[in-house]
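These protein sequences, in sequence, are chains A and B.
Under the numbering used here, the first residue of the first sequence carries the number 209, and numbering increases by one thereafter.
Under the numbering used here, the first residue of the second sequence carries the number 209, and numbering increases by one thereafter.
These are computed hints drawn from the structure, not numbers from a lab.
Only true hints are included.
Derived lysine to any residue pairs resembling SDA-like cross-links, with alpha carbons at most 20 Å apart:
{"id": "1", "chain 1": "A", "residue 1": "K679", "chain 2": "A", "residue 2": "R642"}
{"id": "2", "chain 1": "B", "residue 1": "K547", "chain 2": "A", "residue 2": "P785"}
{"id": "3", "chain 1": "B", "residue 1": "K813", "chain 2": "A", "residue 2": "A489"}
{"id": "4", "chain 1": "A", "residue 1": "K547", "chain 2": "B", "residue 2": "E814"}
{"id": "5", "chain 1": "B", "residue 1": "K547", "chain 2": "A", "residue 2": "E786"}
{"id": "6", "chain 1": "A", "residue 1": "K453", "chain 2": "B", "residue 2": "T815"}
{"id": "7", "chain 1": "B", "residue 1": "K547", "chain 2": "B", "residue 2": "H490"}
{"id": "8", "chain 1": "A", "residue 1": "K413", "chain 2": "A", "residue 2": "G378"}
{"id": "9", "chain 1": "B", "residue 1": "K453", "chain 2": "A", "residue 2": "T815"}
{"id": "10", "chain 1": "B", "residue 1": "K679", "chain 2": "A", "residue 2": "E768"}
{"id": "11", "chain 1": "A", "residue 1": "K365", "chain 2": "A", "residue 2": "S315"}
{"id": "12", "chain 1": "B", "residue 1": "K547", "chain 2": "A", "residue 2": "T815"}
{"id": "13", "chain 1": "B", "residue 1": "K570", "chain 2": "B", "residue 2": "T591"}
{"id": "14", "chain 1": "A", "residue 1": "K547", "chain 2": "B", "residue 2": "G816"}
{"id": "15", "chain 1": "B", "residue 1": "K813", "chain 2": "B", "residue 2": "V718"}
{"id": "16", "chain 1": "A", "residue 1": "K385", "chain 2": "A", "residue 2": "H426"}
{"id": "17", "chain 1": "A", "residue 1": "K547", "chain 2": "A", "residue 2": "W488"}
{"id": "18", "chain 1": "A", "residue 1": "K813", "chain 2": "B", "residue 2": "W488"}
{"id": "19", "chain 1": "A", "residue 1": "K813", "chain 2": "B", "residue 2": "K547"}
{"id": "20", "chain 1": "B", "residue 1": "K235", "chain 2": "B", "residue 2": "V297"}
{"id": "21", "chain 1": "B", "residue 1": "K385", "chain 2": "B", "residue 2": "Y322"}
{"id": "22", "chain 1": "B", "residue 1": "K813", "chain 2": "A", "residue 2": "D545"}
{"id": "23", "chain 1": "A", "residue 1": "K679", "chain 2": "B", "residue 2": "R781"}
{"id": "24", "chain 1": "A", "residue 1": "K570", "chain 2": "A", "residue 2": "R237"}
{"id": "25", "chain 1": "B", "residue 1": "K813", "chain 2": "B", "residue 2": "R760"}
{"id": "26", "chain 1": "A", "residue 1": "K813", "chain 2": "B", "residue 2": "R494"}
{"id": "27", "chain 1": "B", "residue 1": "K547", "chain 2": "A", "residue 2": "R760"}
{"id": "28", "chain 1": "A", "residue 1": "K813", "chain 2": "B", "residue 2": "E725"}
{"id": "29", "chain 1": "B", "residue 1": "K335", "chain 2": "B", "residue 2": "T319"}
{"id": "30", "chain 1": "A", "residue 1": "K813", "chain 2": "B", "residue 2": "H485"}
{"id": "31", "chain 1": "B", "residue 1": "K365", "chain 2": "B", "residue 2": "Y322"}
{"id": "32", "chain 1": "A", "residue 1": "K813", "chain 2": "B", "residue 2": "E693"}
{"id": "33", "chain 1": "A", "residue 1": "K413", "chain 2": "A", "residue 2": "E477"}
{"id": "34", "chain 1": "B", "residue 1": "K813", "chain 2": "A", "residue 2": "W488"}
{"id": "35", "chain 1": "A", "residue 1": "K656", "chain 2": "A", "residue 2": "Q626"}
{"id": "36", "chain 1": "A", "residue 1": "K547", "chain 2": "B", "residue 2": "T815"}
{"id": "37", "chain 1": "B", "residue 1": "K813", "chain 2": "A", "residue 2": "P724"}
{"id": "38", "chain 1": "B", "residue 1": "K547", "chain 2": "A", "residue 2": "D784"}
{"id": "39", "chain 1": "B", "residue 1": "K679", "chain 2": "A", "residue 2": "P771"}
{"id": "40", "chain 1": "B", "residue 1": "K453", "chain 2": "A", "residue 2": "A817"}
There are 2 protein chains.
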Amino acid sequence: MTSNISAQAHWRPVPFHQVALADGFWKRRLETLNSVTLRACLDQCESTGRIANFAKAGGSAEGEHKGMYYDDSDVYKVLEGAAYSLMTVRDPALEAEIDRIVDLIASAQETDGYLSTYYTLQAPQSKWTDMEKHEMYNGGHLIEAAVAYFEATGKRKLLDVACRLVDHYGDLFGPDKRHWVEGHEEIELALVKLYRTTGEERYLKLSQWLLEERGRGHGHGAIWEKPDWGPAYCQDDVPVREIRKVTGHAVRAMYLYAAMADIVRETGESTYVDALHNVWAHTVERNMYVTGGIGPSQHNEGFTHDYDLPNESAYCETCAALALAFWNQRMNALFGDAKYADIVERVMYNGALSGISLSGDKFFYVNPLASQGEHHRVEWFHTSCCPTNLVRFLPSIGGYAYALTDRGLALNQFVGGQVAFRLPDGIRVDVDTRTGYPWDGGVRVEVKPEHSHSFPILLRIPGWCRSFRLKLNGEPVLEERLTVERGYLVLDRCWETGDCIEYTMEMAVVTVHSRPEVEANQGRFAVQRGPIVYCLEQEDNPSFTYDAFTLRPDLQLACEYCPDTLGGVTVLRGRDPEGLPATFIPYYSWDNRRPGWMQVWINEKETGAIYTS
Amino acid sequence: MTSNISAQAHWRPVPFHQVALADGFWKRRLETLNSVTLRACLDQCESTGRIANFAKAGGSAEGEHKGMYYDDSDVYKVLEGAAYSLMTVRDPALEAEIDRIVDLIASAQETDGYLSTYYTLQAPQSKWTDMEKHEMYNGGHLIEAAVAYFEATGKRKLLDVACRLVDHYGDLFGPDKRHWVEGHEEIELALVKLYRTTGEERYLKLSQWLLEERGRGHGHGAIWEKPDWGPAYCQDDVPVREIRKVTGHAVRAMYLYAAMADIVRETGESTYVDALHNVWAHTVERNMYVTGGIGPSQHNEGFTHDYDLPNESAYCETCAALALAFWNQRMNALFGDAKYADIVERVMYNGALSGISLSGDKFFYVNPLASQGEHHRVEWFHTSCCPTNLVRFLPSIGGYAYALTDRGLALNQFVGGQVAFRLPDGIRVDVDTRTGYPWDGGVRVEVKPEHSHSFPILLRIPGWCRSFRLKLNGEPVLEERLTVERGYLVLDRCWETGDCIEYTMEMAVVTVHSRPEVEANQGRFAVQRGPIVYCLEQEDNPSFTYDAFTLRPDLQLACEYCPDTLGGVTVLRGRDPEGLPATFIPYYSWDNRRPGWMQVWINEKETGAIYTS
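Go ahead and model the full structure; you've got the sequences and the hints to work with.
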């Protein structure tokens, strides 16, 4: 049963390399990413032996495998990020460095196609004995890197490695062959990418076969035996089409749902649709932090029970927030609903961006919403999935901005820059977007079709936005003449070159409350302005002691854009009931100055007011 | 025990006749008031025999008293309004007409000073036998009219009538004389006005004596015997300094508290202060509608139990909303806190303004927050206190805008126009305010002291306003350099002629919820933007049936100022979950087109959202 709201839209995100960012907010972050973060992560992969593991497995270096069985994936993710970087600025030195690493990876592939340096070096006789050991997870990240590097450079070498690896999977697993439930999802969505790049349907079929393996008792390995964890930890408790609730390890769950959305998209598999809608609602309505963070518990890096969202002990792995964005990007394309892009936005400006320092060389794995002062970013982790996930997410940020709909263009995220694309009917359109987002709700969009042409432009109305104004070529557009569909303003008209949309979202300071079921936030409020969730940090608030103060939920806050503060942020300044100053900064920007406490959810001064807004 | 928050400020409102309105919103309303409403009310007082009652009592006409025992007060209130009108535009024809009525009033005064046409004509032997019969209530309104007419014209005749009447009260009542508890308060605050105009302390003393009579068993009359009503109905249940909760008839209660505030102001009577703070909180935190309406019940024209705020059967007498403003204006001057001006604002743009049609000739006595379509304004009422209260409230609206503080000026309400005043130290200052309020949160204030001079200007930060910006002579003022005191931004500096304040209050569309104790609003929300409470009216919403639809509380609303709609209003347009259009208009402006249903509180579509703002 597919209701109207579930009707599939089959949009196509405009790839980030067609989007020339000219955006004060993101451009600067990406410059740092390219100049600092990517280099730092490559160096870490080198110095921690992650790259050397490939040389060792390939026989060009001596020694044992170093690190964890999933460390190959970090190298792949940095390669993926480097490929994205090369799509924007083709840097020959970087490309030569990647080529060298690609050669090492290729050398590490066994003759039958097998590739996972841990098993090759450490336990070649134990391959495929423990489904938790990330063999296909590594393979999935190899695929994503290979596709990215092929698209960036046209070089097939890594893609061929990936195809050989996947063909090897196909030799071993599948209908009438061995069962396999990959303990950490990733391979499933990667196989769909590989299918899209190569056109080989067997990759798509293998992806869906892997999904269908789950929840049928085929899984086994260390994780399945762990008393608290079991099959639900890696989403092996029910067949995927029967999923209704989010469970277990947060990143794994998100990657699974992302793959399910991909399969619906590519195969029309309608039996997954209800599962996707149900688990989406269960995730975002009961198990998501206001920052877009998910997975409250360190114990299982994942979910516990509904509305369990502690602040200080919030795990909120950076990767989990990113994975939530990956999934929601796919849901948006699949169903054409702005509510999914809202989640992407919540993640990209809050719970994911907090994962990286302004300097670009320090990272959070864990993103709590309160800290007494002991939580700080570091340069690398023993398990370093988060830095390397940021390295591939951030350069592709422009890819979240636009999507091609059936006939036109949707603006999903508001980033300044030029985008060039062809409509489904072949007409080329250039669009130039200017905005002070996320500090200002004004967006100016200049539309330049190659000739006059009728098509719809959809503008997302963010979930946080209660009111907006629209002008077309300087003339206000009345609401009666607007169509709103699935959270988008739809401007369906004949566009002429130079037509200009001025879209002004009212970006008010608001205080936010949780549902009362969220115990941790009872009697507390948070502050948000536009997409940005704010926090108080000790550095700006010497009058207060951690959690030992109250503010009125109707406090007034002066908005001030401070270009020299924290890389340029809008700061909110107000007073406590005693008149002591309270200064809010964006949550993502905390822990970039002297160490100190931080709080997102503030104890609320009971005002007795009969009406609250 | 007087806490810091109770510290008295003793501000002095700048009288409306020093404020030259040049304001799109109010100027138009006042033009209609002067050209239509005042005339209509004078004509009604004539045609219903209210004016003739004075001629009959004075012997210049024949016949019985017509109407109710409190009808004299309507004539006084129209005279008061006419006097205010004359202060702005001295219209000789109107003044001649008022002079004629004043002569009739004076002729109706008995030789001992007694004046109340009902008793003189109908039951001269029964004077002062039933404390409910509004004898001093009529006298109070006579005083207010007399003071106004004296201030407007310098003519003492009506003032002399008033003084003779009050001296007559003093002959009969007071310490060691007869007891009196006036059933409908009004005389008490009027006596303070008379004291301020004449300087006669006995008027002040009589006022306080009358307050002190209450709650001591001295009251008697029809109303005291009524089973459901009793002493609490007219606030005769406890001595005034022991009042903690609002009770009984809403207008009576508000006039009482207004008088108590006056007495604190004039005498320093500290034992009333806690009562005022307590009853204020009890009124606005548990017993006030979002429109500023008060008194839910028709039965007693007043209060029932806490949080009893039904919408369709809301009584919300226009006079009660006005009286709430009168009281809060006094509280603001007494304590210098913006929260009282917030209440004045809530009343003036909502629950009071709804009392009069845009055409100026039709009135609501009852102001419900929901109607199935049968509630409409009419030209006059048998008991017509509400139209005549509006006639005196509206022309004095400019008097709510500014107050002189101990050293400077406070901007309480944002209305465009020029104001000229002298600071307490004698320096003359002119201020020119420009604003698009209440549709726009920008206020530009040009300050012109006669010479450079240091004094504070206080800008109210409205309770609805979460954020604001401030510029001084074009330069942004940082929040750190701002002082906020009791809800005001305090700009204490040396002002030069031509200094310009640009104060921009972020005027966002917000959805408002009641405390859960308000049963009528459970599962409902209202929409507010700036000071304006919105409603849905049938005329704009043909897709909906009364109360049989739901909207999402996070719905998006396009703001559109429509100069030709309802006298110029900002309309909010959105969609229901099915995409059907929903159009909100200001509550005050409903029932000015074809009859139809109206709702302020809208059934909320449960979204399941974990975070709400």
